[in-house]
Amino acid sequence: MEKTGWFCSYTPVEIIDAAGSLPVGIKYDSGAEHEDVLLGDSMCSYVRSCMGGALTNKYDDLNGVVIAHSCECMRRLSDGWGYKQHEIKPDLIHTLDIPKVVSGSSIKFFAGGIKRMKEDLEKKYGEISDDAIRKSIQKYNQIRQTFEKIDELRKKEDTAVTGTEIEQLMSEYFSTDPEKFSKAAFDFYESKKDAVQPADLPRVMIIGGPGNSSLIKTIENSGGLSVVENLCTGIRAFAGESEPKNDPYLELAEIYLEKTPCPRMLGDKARAGIKEISDLAKEYKVDGILYFSMKFCANMQMQWALLKNSDTSEIPIKVMEGDISSEINEREIHSFIKRLKKRRKKKQ
Amino acid sequence: MNTAEYIKQENTEQRKKQLENFLKVNGLEDIPPSDAVKMAFASDFNELSPSAKRGHVNAEQFFNAYNMNASGDFEYHHVAWRSLFVPTEIMYAMGLTPYTTEMVASQLAMSGAAVERIETAEANNFSGDLCSFMKTVAGGVIEDIFPTPDILLTSTHLCDPSAKYAELASEIYKRPEFILDIPYGIYDLEINKKDEKDQKRIDEAIDYVTEQFYEMINFITDHTGLELDHKKLKNACAWSNEARKWMDEGNNITLYERTSAEKGIKELDYAANLMQTWGTEKIADVYKSRYEEYKANPRSKSEDKVPRIAWFHLRPYFKNQLMKYLDEKIEISGSQVNFVFFDPIDPSDIIRSIAKRTVMHPAYSSVTARTKIAISQIPEDTDGIIAYYPKSCRHFHGGAIMENEMFKKAGLSILTIDGDCVDDRGDDFPIVKTRVDRFLKMISK
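Line by line, the protein sequences give chains A and L.
Under my numbering, the residue at position 16 of the first sequence is numbered 16, and the numbers go up by one with no gaps.
Under my numbering, the residue at position 361 of the second sequence is numbered 361, and the numbers go up by one with no gaps.
One should not assume that every hint holds.
The list that follows gives simulated cross-link-like pairs (lysine-lysine, DSS-like), each with its CA atoms no further than 30 Å apart [stated by the list, open to error]:
(1) A:Lys89 / A:Lys108
(2) A:Lys282 / A:Lys308
(3) L:Lys197 / A:Lys108
(4) L:Lys319 / A:Lys295
(5) A:Lys84 / L:Lys194
(6) A:Lys342 / A:Lys217
(7) A:Lys124 / A:Lys217
(8) L:Lys408 / A:Lys84
(9) A:Lys282 / L:Lys174
(10) A:Lys156 / A:Lys346
(11) A:Lys139 / A:Lys58
(12) A:Lys139 / A:Lys259
(13) A:Lys180 / A:Lys193
(14) A:Lys308 / L:Lys17
(15) L:Lys200 / A:Lys108
(16) L:Lys197 / A:Lys84
Simulated from the structure, these hints should not be mistaken for laboratory data.
Please read these numbers as outputs of a predicted model, since none were measured by experiment.
Please model the complete structure; the sequences and the hints are all you need to start from.
Structure representation (structure tokens):
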């Protein structure tokens, strides 16, 4: 099966699937951060990892990539990939511009961009019909519905679902055919729906970007439980559901722009993002928030400054800056979890 | 008292205090604000040099934002905070005074007052590797030294933090913000256009921004009561077109001919592409005076004494030895931020024409596209390029390696200096001087 890589959760993977190509999410652990000799050290580690991976043949099994212009670092990834296209195997490269505000006109403009993405993919994979896109939307809706159910389980105090398990499941999502994954996700839900884990663990929400392979494990090995991940590889990976529309591009544009926002979003959507953080904290009965901000990501850095400066809630927020591959300071996490445990005891 | 009156009164009171705060952080606390204004305008505008005229216009607008006119008297202004690339003609046509915070950050750097603001921001959760312009602004907001805006108008080009900071300011001042979402890469599409589908996307992008301008006009009216005056808009565009013409003519002299007029680093401070003065009568005068000065002082190629260098991006604004040294060693023949990339505004379709100019900003395109323009514009007798990129600037610094390769392939020598424009904490002149000397030695060969 042909494969098309995508980098950002604002990429409508339904179009790739409808083209008959497997959408492959390029995760934080797939590239080669230290092999980037093109973009330089003012870029975030995720983008450097992707660029380094492309330059060292890590993505040679892909037939193409869709690079979302979602932030200034991704912009340079698109530049670098295009500039070195003659040395990089995946021959299709499409840059998809993503609006930063949500309005009637931005949704319409983004729909036009998604249509152009489809047209570019058609050059490689042949015609993509509206029906095929609708079928694909259905497939992803099923995945979304299953995750909503899993999320409901995670909201319970005695949940048996761990963050580490979800991280593993998400990893499969990034590289598995949506139909197969839908079944795997549902099986996971079935295996957990009646299970309980009465251990009294501090419940943590993680906010960040593409993630870090040690982060969730470190939290859970330190005696905490990651109950909601507001990450590109967490809840932000899924758009919501919409009412079916005559125009599937408009439908996709709307659900992707309306989803839980990345810190890249601006204006009312950014403010809604801050509010959503506080709503999620309540829904998931969170004891503490760990904001894992990626170095050189101006959007995250600005968001946590805003969050910390305007925070009036009583939920402790711990900010750590790091990279996708950096080791996590275990001692720092231990002491944060310890603090949450004490607070939790006091509350009881 | 209705809401508009209440906001006006609140702004008036706050701006009075904020100007005092601003003067204080600049070590001018003993000077009454009205005297500070008079000091800034000691000379008659018409008697000033072109560069001083530019400074005069900026200073006048700066004090206006604090409700002071050039005589030091009170005069209420509806102030719109603006990020660098929001077009200003519509603002003038609606009676708004723009206040560009990034420009004020450079002003604070010039007076040696930026680093303390940066430290304030860093002490208040703003990360060390954020853009230093934005940290200066964030620190200034926290210290309350800027005039409370009536509204905030920002755009998504070119960089992420320049739009994001408005969220902070909007929350602190409790004033509404409007964001222009500018599509990326349309200039790339224009120069690589293959078929009618590409043209359709270009048109969609211009339509999208045009629509947002109309939304912005309604937003301004809703929140300030100010309405678009079509006659004023026409005038603003006529002045912009005139300013554009003189800027371009002046650039042609410095780039393709020669002038013995002393330009020095002041040439960089026109930074025409970033200015909030487009759409004013005075800026047309400034650029015309510049052209006339250059034209009146011709110089032949045989009189070249130092290498002719095209300058990319901005300069360090803090007190530094580098620019003084370069002033003796090179002649700045062209500047990226003075490049007139846009067509004149079409008076028969003004809003769409401004939208087109906004969308087609070549700096908001791929590194390949923007480098291609530079290669096509820089004449053969230019000796090299110096690019001064802040390390905190993902947009420019992140493209430096590709740009270097492309220029070298095109036979253009380039020196990229990793620096900062407002934060002097990492300034190390001896190291940079070594690199500059090696570069100048290389191009002299």
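Hints and how they fare:
no. : hint                : verdict
1   : A:Lys89 / A:Lys108  : 33 Å, violated
2   : A:Lys282 / A:Lys308 : 17 Å, holds
3   : L:Lys197 / A:Lys108 : 16 Å, holds
4   : L:Lys319 / A:Lys295 : 29 Å, holds
5   : A:Lys84 / L:Lys194  : 21 Å, holds
6   : A:Lys342 / A:Lys217 : 21 Å, holds
7   : A:Lys124 / A:Lys217 : 40 Å, violated
8   : L:Lys408 / A:Lys84  : 16 Å, holds
9   : A:Lys282 / L:Lys174 : 26 Å, holds
10  : A:Lys156 / A:Lys346 : 20 Å, holds
11  : A:Lys139 / A:Lys58  : 29 Å, holds
12  : A:Lys139 / A:Lys259 : 17 Å, holds
13  : A:Lys180 / A:Lys193 : 20 Å, holds
14  : A:Lys308 / L:Lys17  : 27 Å, holds
15  : L:Lys200 / A:Lys108 : 14 Å, holds
16  : L:Lys197 / A:Lys84  : 26 Å, holds
The structure is inconsistent with the numbered hints 1 and 7, although it conforms to all the rest.
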